Amino acid sequence: MKTLKIEELSKNFGSTEVLKKINLEIDEGNFLVLLGPSGCGKSTLLNIIAGLETINEGDVFIDDYNVSKVEPKDRNIAMVFQSYALYPSMNVKENMIFGLKQAKTSKEKIQEQLEKVSKFLQVDQLLERKPSQLSGGQRQRVAIGRALVREPRIFLFDEPLSNLDAKLRVEMRREIKKLHQQLKTTVVYVTHDQTEAMSLGTNIAIMNHGVIQQNDTPEKIYNKPSNTFVADFIGSPSMNLIKGILKENSVDLLFTVSGSNLEIPIKDYDFKDKSNLNNKEVYFGIRPEHIFFKKFNESDFEINLRADLSEYIGHEQIMTFDYANQEVLAKFPSTIKIDLGKETKLYFDLTQASLFDAQTEERI
Amino acid sequence: MQDSLKSSSYQQLEKKSKYTNMFLRWFLYFILILFASYFIFPLYVMVVTSLKTMEEIRQGTLLSWPSGLNLESWAVAWGGRGYGAGDTFLRPYFWNSIKMVVPAVFFSTFIGAMTGYVLTKWRFKGDQWVFLFLLFGCFIPFQAILLPMARTLGVLGISNSVIGLVLVHTVYGIPFTTLFFRNYYISVPTELVKAARIDGAGFFKIFFKILLPISAPIIVVTVIWQFTQIWNDFLFGSTFSFGEAAPIQVALNNMVLSSTSVKEYNVDMASAIIAGIPTLIVYVLAGKYFIRGLTSGAVKG
Chain A
5 MKTLKIEELS
15 KNFGSTEVLK
25 KINLEIDEGN
35 FLVLLGPSGC
45 GKSTLLNIIA
55 GLETINEGDV
65 FIDDYNVSKV
75 EPKDRNIAMV
85 FQSYALYPSM
95 NVKENMIFGL
105 KQAKTSKEKI
115 QEQLEKVSKF
125 LQVDQLLERK
135 PSQLSGGQRQ
145 RVAIGRALVR
155 EPRIFLFDEP
165 LSNLDAKLRV
175 EMRREIKKLH
185 QQLKTTVVYV
195 THDQTEAMSL
205 GTNIAIMNHG
215 VIQQNDTPEK
225 IYNKPSNTFV
235 ADFIGSPSMN
245 LIKGILKENS
255 VDLLFTVSGS
265 NLEIPIKDYD
275 FKDKSNLNNK
285 EVYFGIRPEH
295 IFFKKFNESD
305 FEINLRADLS
315 EYIGHEQIMT
325 FDYANQEVLA
335 KFPSTIKIDL
345 GKETKLYFDL
355 TQASLFDAQT
365 EERI
Chain B
-13 MQDSLKSSSY
-3 QQLEKKSKYT
7 NMFLRWFLYF
17 ILILFASYFI
27 FPLYVMVVTS
37 LKTMEEIRQG
47 TLLSWPSGLN
57 LESWAVAWGG
67 RGYGAGDTFL
77 RPYFWNSIKM
87 VVPAVFFSTF
97 IGAMTGYVLT
107 KWRFKGDQWV
117 FLFLLFGCFI
127 PFQAILLPMA
137 RTLGVLGISN
147 SVIGLVLVHT
157 VYGIPFTTLF
167 FRNYYISVPT
177 ELVKAARIDG
187 AGFFKIFFKI
197 LLPISAPIIV
207 VTVIWQFTQI
217 WNDFLFGSTF
227 SFGEAAPIQV
237 ALNNMVLSST
247 SVKEYNVDMA
257 SAIIAGIPTL
267 IVYVLAGKYF
277 IRGLTSGAVK
287 G
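Chains as they are written, first to last, in the numbering used here: chain A, 5 to 368; chain B, -13 to 287.
The set of hints was computed from the structure by calculation and includes no laboratory data. A few of these clues could be false.
Ranges of calculated distance between the beta carbons of each label pair, as one might list FRET restraints [said to hold, decoys possible]:
no.	chain 1	residue 1	chain 2	residue 2	range
1	A	Thr20	B	Phe125	42 to 52 Å
2	B	Lys85	A	Glu98	33 to 43 Å
3	A	Ser19	B	Ile263	15 to 25 Å
4	B	Ile172	A	Ser19	17 to 27 Å
5	A	Asn16	B	Leu118	36 to 46 Å
One-sided excerpt, in silico: chain A residues whose CB lies under 8 Å from chain B [stated by the list, open to error]:
no.	residue
6	Leu50
7	Ala54
8	Val74
9	Pro76
10	Lys77
11	Ser87
12	Tyr91
13	Gly103
14	Gln106
15	Ala107
16	Ala170
17	Gly263
Taking lysine to any residue and the SDA-like style, the derived pairs with C-alpha atoms no more than 20 Å apart in a straight line are [stated by the list, open to error]:
no.	chain 1	residue 1	chain 2	residue 2
18	A	Lys105	B	Pro199
19	B	Lys195	A	Lys284
20	A	Lys77	B	Trp108
21	B	Lys191	A	Asn95
22	B	Lys107	A	Leu56
23	A	Lys134	B	Pro199
24	B	Lys195	A	Glu98
25	A	Lys77	B	Phe190
26	B	Lys107	A	Lys284
27	B	Lys107	A	Leu50
28	A	Lys73	B	Trp108
29	B	Lys195	A	Leu50
30	A	Lys134	B	Lys107
31	B	Lys191	A	Thr109
32	A	Lys113	B	Gly186
33	A	Lys97	B	Phe194
34	A	Lys73	B	Phe189
35	B	Lys107	A	Glu57
36	A	Lys284	A	Glu347
37	B	Lys195	A	Ser87
38	B	Lys191	A	Leu50
Predicted model, so just to flag it, every value in this text is computed and none were measured. From the three backbone atoms N, C-alpha and C, an ideal C-beta is built for every residue, glycine too.
All chains should be modelled from the sequences, with the hints used to inform the complete structure.
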C-alpha cells in the first residue's frame, strides 16, 4: 500500500498544459521533495494533492482510496503555506484548533492535542498572541503546529521557508528535518531551492514544463542525473556539459571535440546501451567539484587547459578554463594559486562523469 | 587666513538662509490661514444666522455677531410652530431618513462585502466581466435610471415608501461597495482561504470567521461613503417619494422653497445644519479610520 499514489495526472488552465501525465508514488514515512524552476507545475501538483485544484485527467490515491473528488478537509492531509496563512484575527491557540473545531472534535481531545503540539514546537508560551505579534520563525512554527494537531496522514509544505531570511531558513530547515525524523509522517514538500531539496528529501522529484524529469534519491540525482536538465539544475555551479563525439578504436572508447586533439578515454562507464556508440554526438558531463588541481585518485585523468577567469568567493574559488572553445568550470580551495592565461594541469575524476545523448539530452 | 574668510562667508550664508526660511514659514502660515477661513466662512455665516432673530438679520450685516444664544429658530426648524396646516418641520423627515439610511447602508455594505469576497477568493469563469459590468454601475448617471426604477417600484408596489428608497439606494450602492471590498480583499492572501478549506471551513464560515474580522478598515470606509451618499441624496428622494414618506433633504427643500410669506433665513439655516449634522458626526467618529482604510487596501492587507 502506497501512502500517496498519482496516476496519469494531467491538468490544464485553459489552453496551457500545466501538468502532463504525472505518475508518482510515495511510501509511508518518506519525504518527497518536488523541485523545479518557477512555473514548472510543482505548486499546482501540491494543490491537486491537497484537493484545492481540480483534475482534468488521472487520479490521486491516498492509502489506496481514490480521493480525486474528495474535499480537502476529508483527505486526511495538512498543509503549511509560504505566507504561513495564519488567520489574522485569531490568536495562536484559536489558529491551531480551528480545524479540530470544524471537525467537531471533543473539547478534551482538542485540549490534549493543543498541549502536546504546542509543547513539542515550543509555542506554548505564545498561545494568547495574535499572529501579527510573532516573529517570522514563530509564525512558521505555529503554521506547522496548526498542521500537526490534525495528525494527518500526509504533510504538504508549499515553499515554507521562502519568506524567511537566510540564517533563519537554515535553522528552520534543520527543525523540519528533525520533525520528520521524530514523527515519521509522510511529507510532500515543494521548493525551488536545491539545497533545501537535497538536505530534506529522502526522494526528490525534479520537474520541468509539467513533466517529472527524474524521481530518485538525492545521491542518484546528484551522481547520475537522467538528463541534461537535471544535470544542469542540480549543483552550483552546475555540471559542465562539453559537446563532442564518441570515437571507437580497437582498444578504447574516446571522447573528442572536433577540431581539437584533446581526447578523454571512457572506461568502466555504465552505459545503458552499449551499441552504436561510434561517432555518436554526446555531452560529456563533469561537475566542477570533480576537477582537481592535483592527482587524488589513481584513475584521475590528466589534461592541460588554459585558465581564463577566477572568481574568488571566500572559502573557495571558481575557475573558468578553456576546453576547445567551450567553458569548463572547476571549484578549488581559495588557497591554490593558478595563473590566468596559462596552460594548467588538471585532473578529471572520470568515475563521476556522465554522458548524455546530444539529440535527446537523455543519459546514455 | 583663507579658512577664516571662508568660514565667515559661510556664517553669513547661514544667517541669510535662516531669515529666508523664517519668511517662507510665515508666508506659508498666512496662506494656510487664508484658505482655512475661506472654507470655514459659509459655516460661520450659517451658524451665526441661525442664532439671530429676524429683526437682527434685517438690521445687521452677514458677519455680525448675534445678540445672544437665540435657539428659537432651531426649535422651529425641528419641531415647527405648533399650528396645523402648512407647518413644515424636519422631525418626522429626519426619522424617515434614519429609517432609510440604516438598512440601506447595512444591506449595500453587506452585499458589497459578499460580492467582493466571491470576485477575489472564489474566482469563476467570466468573473472579470461580472466585475466590469458592476463597475459600469459607478459611472451611469442616476438620472438615466429614474424612469425604469420608478416603473420597477410601481410594479413591486413600494413606490413612495421608505422601503422603496432603501431598495433603490441598496441597488445603486452595490457597485461602489463591491469595488471597495474587492480591492481590499485582493490584497488578502488567497492562501488564507486555502488553509481554511483544508481546516474544513466552508464558503460562509470562511467569510464570517476569517475575512470579515479583518475587514474593519474597509467596512468603515464603505459605511462612511454610503451613509454620506444616501443621507445627502436628493434626486432619488424627490423622485420616488413625496409628502409623508420624503427623506430629510426633500423636506428641507420644501421647507425653504415653500414659505409663502417672509423668508425666515434663521430657520432655513438651522434646518440646513440639522440636515447636515449626521454626516458630520459620522466623519468625526470614523474619519480617522476613513483615511487609514482608503490607503491600507492599496499597500497591504
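Okay, the hints, checked on the actual structure:
1. Thr20/A - Phe125/B: 42 to 52 Å: violated (34 Å)
2. Lys85/B - Glu98/A: 33 to 43 Å: This hint holds: roughly 38 Å between Cβ atoms.
3. Ser19/A - Ile263/B: 15 to 25 Å: violated (59 Å)
4. Ile172/B - Ser19/A: 17 to 27 Å: holds (25 Å)
5. Asn16/A - Leu118/B: 36 to 46 Å: Because 25 Å falls outside the window, the suggested range is violated.
6. Leu50: Hint violated; Leu50/A Cβ to chain B Cβ min 11 Å, cut 8 Å.
7. Ala54: holds (6 Å)
8. Val74: With a closest approach of 12 Å, the Val74/A hint is violated.
9. Pro76: holds (5 Å)
10. Lys77: holds (4 Å)
11. Ser87: With Cβ-Cβ at 5 Å, under 8 Å, it holds.
12. Tyr91: At 5 Å from the nearest chain B Cβ, Tyr91/A passes the 8 Å test, so the hint holds.
13. Gly103: Holds, because the Cβ-Cβ distance from Gly103/A to chain B comes to roughly 4 Å (cut-off 8 Å).
14. Gln106: holds (4 Å)
15. Ala107: For Ala107/A, the interface hint holds, since the closest Cβ of chain B sits about 6 Å away, which is under 8 Å.
16. Ala170: violated (23 Å)
17. Gly263: violated (55 Å)
18. Lys105/A - Pro199/B: Status holds; Cα separation ~18 Å.
19. Lys195/B - Lys284/A: Roughly 65 Å between the alpha carbons, so the hint for Lys195/B and Lys284/A is violated.
20. Lys77/A - Trp108/B: holds (17 Å)
21. Lys191/B - Asn95/A: Roughly 17 Å between the alpha carbons, so the hint for Lys191/B and Asn95/A holds.
22. Lys107/B - Leu56/A: Distance of about 12 Å is within 20 Å: holds.
23. Lys134/A - Pro199/B: Roughly 13 Å between the alpha carbons, so the hint for Lys134/A and Pro199/B holds.
24. Lys195/B - Glu98/A: holds (11 Å)
25. Lys77/A - Phe190/B: holds (16 Å)
26. Lys107/B - Lys284/A: violated (54 Å)
27. Lys107/B - Leu50/A: holds (19 Å)
28. Lys73/A - Trp108/B: Answer holds: Lys73/A to Trp108/B is near 18 Å, not above 20 Å.
29. Lys195/B - Leu50/A: Violated: Lys195/B and Leu50/A sit about 26 Å apart, past 20 Å.
30. Lys134/A - Lys107/B: Violated - the C-alpha atoms of Lys107/B and Lys134/A are around 23 Å apart, more than 20 Å.
31. Lys191/B - Thr109/A: Holds, at about 17 Å.
32. Lys113/A - Gly186/B: Holds, at roughly 17 Å.
33. Lys97/A - Phe194/B: With Cα atoms ~19 Å apart, Lys97/A and Phe194/B stay inside 20 Å; holds.
34. Lys73/A - Phe189/B: Given pair Lys73/A, Phe189/B holds - Cα atoms ~18 Å apart, limit 20 Å.
35. Lys107/B - Glu57/A: holds (13 Å)
36. Lys284/A - Glu347/A: violated (29 Å)
37. Lys195/B - Ser87/A: Cα-Cα ~19 Å, so holds.
38. Lys191/B - Leu50/A: violated (24 Å)
The structure does not agree with the numbered hints 1, 3, 5, 6, 8, 16, 17, 19, 26, 29, 30, 36 and 38 stated previously, though it agrees with the rest.
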